[in-house]
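Here's the letter readout for the chains.
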Amino acid sequence: MEEQADPIFEYAPAPESRAVVRLRSSYELFIDGEFTPAESGERMATLNPADEEHLAQVSVAGEPDVDRAVAAARRAFEGAWGAMPGAERGKYLFRIARILQERARELAVLETLDNGKPIKETRDVDIPMVAAYFFYHAGWADKLDYAGMGPAPRPVGVAAQVIPWNFPLLMLAWKIAPALAAGNTVVLKPAETTPLSALVFAEICQETGLPPGVVNILTGAGATGRSLVGHPGADKVAFTGSTAVGREIARSVAGTDKRLTLELGGKGANIVYDDAALDQAVEGVVSGIFFNQGHVCCAGSRLLVQESVADELLERLRARIERLRLGDPLDKNTDIGAINSAEQLERIRELVRAGDEEGAESWSPQCPLPEKGYWFAPTVFTGVTQAHRVAREEIFGPVLSVLTFRTPDEAVAKANNTPYGLSAGVWTEKGSRMLWTAERLRAGVIWSNTFNKFDPASPFGGYKESGYGREGGRHGLEAYLVHAA
Amino acid sequence: MTRETREVAVPETVLPPDPAASNTSLRALLHGLPGVDEVGAKERAADLATRSIKTGAKARAIDLAIRMIDLTTLEGADTPGKVRALSAKAVRPDPDDPTVPSVAAVCVYSDRVAAAAEALAGSGVKVASVATSFPSGRAPLEAKLADTRLAVADGAAEIDMVIDRGAFLAGDYRAVYDEITAIKEACGDAHLKVILETGELATYDNVRRASWLAILAGADFVKTSTGKVAPSATLPVTLIMLEAVRDHYAATGRRVGVKPAGGIRTAKDALKNLVLVNEVAGDGWLDPDHFRLGASSLLNDLLMQRTRLSTGTYPGPDYYTLD
Numbered sequence: 001m002e003e004q005a006d007p008i009f010e011y012a013p014a015p016e017s018r019a020v021v022r023l024r025s026s027y028e029l030f031i032d033g034e035f036t037p038a039e040s041g042e043r044m045a046t047l048n049p050a051d052e053e054h055l056a057q058v059s060v061a062g063e064p065d066v067d068r069a070v071a072a073a074r075r076a077f078e079g080a081w082g083a084m085p086g087a088e089r090g091k092y093l094f095r096i097a098r099i100l101q102e103r104a105r106e107l108a109v110l111e112t113l114d115n116g117k118p119i120k121e122t123r124d125v126d127i128p129m130v131a132a133y134f135f136y137h138a139g140w141a142d143k144l145d146y147a148g149m150g151p152a153p154r155p156v157g158v159a160a161q162v163i164p165w166n167f168p169l170l171m172l173a174w175k176i177a178p179a180l181a182a183g184n185t186v187v188l189k190p191a192e193t194t195p196l197s198a199l200v201f202a203e204i205c206q207e208t209g210l211p212p213g214v215v216n217i218l219t220g221a222g223a224t225g226r227s228l229v230g231h232p233g234a235d236k237v238a239f240t241g242s243t244a245v246g247r248e249i250a251r252s253v254a255g256t257d258k259r260l261t262l263e264l265g266g267k268g269a270n271i272v273y274d275d276a277a278l279d280q281a282v283e284g285v286v287s288g289i290f291f292n293q294g295h296v297c298c299a300g301s302r303l304l305v306q307e308s309v310a311d312e313l314l315e316r317l318r319a320r321i322e323r324l325r326l327g328d329p330l331d332k333n334t335d336i337g338a339i340n341s342a343e344q345l346e347r348i349r350e351l352v353r354a355g356d357e358e359g360a361e362s363w364s365p366q367c368p369l370p371e372k373g374y375w376f377a378p379t380v381f382t383g384v385t386q387a388h389r390v391a392r393e394e395i396f397g398p399v400l401s402v403l404t405f406r407t408p409d410e411a412v413a414k415a416n417n418t419p420y421g422l423s424a425g426v427w428t429e430k431g432s433r434m435l436w437t438a439e440r441l442r443a444g445v446i447w448s449n450t451f452n453k454f455d456p457a458s459p460f461g462g463y464k465e466s467g468y469g470r471e472g473g474r475h476g477l478e479a480y481l482v483h484a485a
Numbered sequence: 001m002t003r004e005t006r007e008v009a010v011p012e013t014v015l016p017p018d019p020a021a022s023n024t025s026l027r028a029l030l031h032g033l034p035g036v037d038e039v040g041a042k043e044r045a046a047d048l049a050t051r052s053i054k055t056g057a058k059a060r061a062i063d064l065a066i067r068m069i070d071l072t073t074l075e076g077a078d079t080p081g082k083v084r085a086l087s088a089k090a091v092r093p094d095p096d097d098p099t100v101p102s103v104a105a106v107c108v109y110s111d112r113v114a115a116a117a118e119a120l121a122g123s124g125v126k127v128a129s130v131a132t133s134f135p136s137g138r139a140p141l142e143a144k145l146a147d148t149r150l151a152v153a154d155g156a157a158e159i160d161m162v163i164d165r166g167a168f169l170a171g172d173y174r175a176v177y178d179e180i181t182a183i184k185e186a187c188g189d190a191h192l193k194v195i196l197e198t199g200e201l202a203t204y205d206n207v208r209r210a211s212w213l214a215i216l217a218g219a220d221f222v223k224t225s226t227g228k229v230a231p232s233a234t235l236p237v238t239l240i241m242l243e244a245v246r247d248h249y250a251a252t253g254r255r256v257g258v259k260p261a262g263g264i265r266t267a268k269d270a271l272k273n274l275v276l277v278n279e280v281a282g283d284g285w286l287d288p289d290h291f292r293l294g295a296s297s298l299l300n301d302l303l304m305q306r307t308r309l310s311t312g313t314y315p316g317p318d319y320y321t322l323d
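Heads up: the protein sequence lines correspond to chains A and B, in order.
Going by this note's numbering, the first sequence runs without a break in its numbering and finishes at 485.
Going by this note's numbering, the second sequence runs without a break in its numbering and finishes at 323.
Check before you lean on any hint, since a few could be wrong.
Under the rule of at most 27 Å between Cα atoms (straight-line distance), these lysine-lysine pairs were calculated in the DSSO-like manner [what the hints assert, rightly or not]:
{"id": "1", "chain 1": "A", "residue 1": "372", "chain 2": "B", "residue 2": "54"}
{"id": "2", "chain 1": "B", "residue 1": "268", "chain 2": "B", "residue 2": "54"}
{"id": "3", "chain 1": "B", "residue 1": "228", "chain 2": "B", "residue 2": "42"}
{"id": "4", "chain 1": "A", "residue 1": "332", "chain 2": "B", "residue 2": "58"}
{"id": "5", "chain 1": "B", "residue 1": "58", "chain 2": "B", "residue 2": "272"}
{"id": "6", "chain 1": "B", "residue 1": "42", "chain 2": "A", "residue 2": "332"}
{"id": "7", "chain 1": "B", "residue 1": "272", "chain 2": "B", "residue 2": "42"}
{"id": "8", "chain 1": "A", "residue 1": "332", "chain 2": "B", "residue 2": "272"}
{"id": "9", "chain 1": "A", "residue 1": "430", "chain 2": "B", "residue 2": "58"}
{"id": "10", "chain 1": "A", "residue 1": "332", "chain 2": "A", "residue 2": "453"}
{"id": "11", "chain 1": "A", "residue 1": "453", "chain 2": "B", "residue 2": "272"}
{"id": "12", "chain 1": "A", "residue 1": "414", "chain 2": "A", "residue 2": "430"}
{"id": "13", "chain 1": "B", "residue 1": "42", "chain 2": "A", "residue 2": "430"}
{"id": "14", "chain 1": "B", "residue 1": "228", "chain 2": "A", "residue 2": "332"}
{"id": "15", "chain 1": "A", "residue 1": "453", "chain 2": "A", "residue 2": "430"}
{"id": "16", "chain 1": "B", "residue 1": "54", "chain 2": "B", "residue 2": "42"}
{"id": "17", "chain 1": "B", "residue 1": "58", "chain 2": "B", "residue 2": "228"}
{"id": "18", "chain 1": "B", "residue 1": "42", "chain 2": "A", "residue 2": "453"}
Since the hints were made in silico from the structure, they are not lab data.
Please model the complete structure; the sequences and the hints are all you need to start from.
Structure (structure tokens):
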């Protein structure tokens, strides 16, 4: 891409102001309604992945802190929160949702600083969706009799929740909103690299006057997560993250009476038939793999395109990718932001090297990467076969693997030939073929002529190694409710 | 495997159809184009509308938008005096500021072409005339051809014709095609803009098909609307037309222009259109020869935003001429 070839209309920098965010130099744990230091005094730093700037110190919760948080959650469950009528719980959730909207701009900027994703996405997708999940579940709080679990279903108790770094506040909303609506209390651990928006959420809990102990936020790394999900005081464990960690959690929970939901990795297929609306299919493929730098568990990381239109589609796709604007995540015109961490960047590089070595052909637009920070250019692999690592392993980055097919049967066989089963997209203008394909795909969510659409009313979750349990909608409530006796 | 080159009798049906061969072959061609997903097209247009154009980029875009305007008056009450006033404004949009560029053209009814041509002589601003029984297009072909020829004879350098939407919606693509080629011939050297009246075409698939039909029939520009039917130029429609000219250019090397018209009133609307051009068709279209904005009140808003960028304050509407 020759930027200089376009002097008529090169967009000037349009940075969103950072002034709406007042970063503190350090943040404590949020336990029993108060901010409190970790007993060990241990701290860790969180960085802006776009330029490696040090943002703040946060506490690292250890076992005594997990004990305190779980005990606080238990007291709240057996006390004020457990006894509260659903309609009253709903009022707290509505209040949280409204404050989230009021502070939307601040949260969007903070999320972009801590995560590296473009402000366009935090402003237009993440934060509005966070508020929507709280509004939706607030409405359920006094209607649980109609959740399909018999009259007066009961909450499970104390939920231990561990969330990933790709959608920090949105994943918090997916976990906390249904848990609270159903009458549970929670101890939540945000990801090591993106703790800040969860701590601002803790402030919002204080602001709403939520009873102490209903929501507890413990920052930390893997060890904190392990002691949280392994804590005997937790009745329910909910985890979103990698399949490797999910397996470990499943093992640690096995043999206990804890309930478990896992939302893990994916290797979603975007199937483009030859009669698809090609320009919109290109948009769907781009959003499927480059939205949020490909840090999306349900990303459409495999493009399966019918051979008869493969060349035409790829030509359009490359032209479109050349238009993507990579750079300062706070610039309102940025389409692709930074990779979240040095560790993740290394994993992406390793898998891309493997793709090259295995003989797939990689292509990237000419796009200069910023010198500081963690960056990876959008990459498309063609000539990929089912046996290549880039077709089988979750890369969790802006890397698309392109495979072709000749018949609908072949498309379905290839799409299902993966240990995962989280998402898929189907592109065809023919309704019967759409339904035929969707019926045969083994994936938790199948998008028809679109991709990456989320709604609080729609259940989300996977097949096979993509996990079990559903989040969102009526189905998502089941994870936090016990059938009436 | 080697293959011998030899004469083979190929059945007629495997050859690509001559576009003008018959209604059937035109139908096959137009319905063989990739479909347009309405939700996806709207989403893409809405996404591009969030682009933030600031400072130097905004200043350049505003001047480019002014240079792309077809300053339009299409009222039953139009007089030669009104046309002269509009022409003066077209040449020098801001009497107080000679750095403001002229617009591309003045667009009038065919019986006002002579007045416009006289007022614009030597200015570089072109005269565009609507013809073919604008806006409905419901008149005998002979009348449409005469309308066109007279406008050209009076000095119109550009003709904005309307297609026969009735024939198009009835699937009589051949009739639409033939009418465009006949008008094109009547235009002589004048450029032909073909108005699709997308507000009456009902689907985005039809917008794409009508764009291709007009392009194949020889249009120099495809234009969204007459401005007399709601909705007129919407961003998704302009997006689809830009895709059509982009794809046609890739296939043939001929660059057809696009003109959204109607409903573009603010500088912000104009900038959104330029972003579409930039990101969908590419910078080859960022030129008055290949992209126009059919508008009237838009010009004053562009002038106001231009002054605001250079002075930091809004002068207020009374400082700009109403014509």
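Original post:
So which hints don't hold here, by number, going up?
Top reply: 9, 14 and 17
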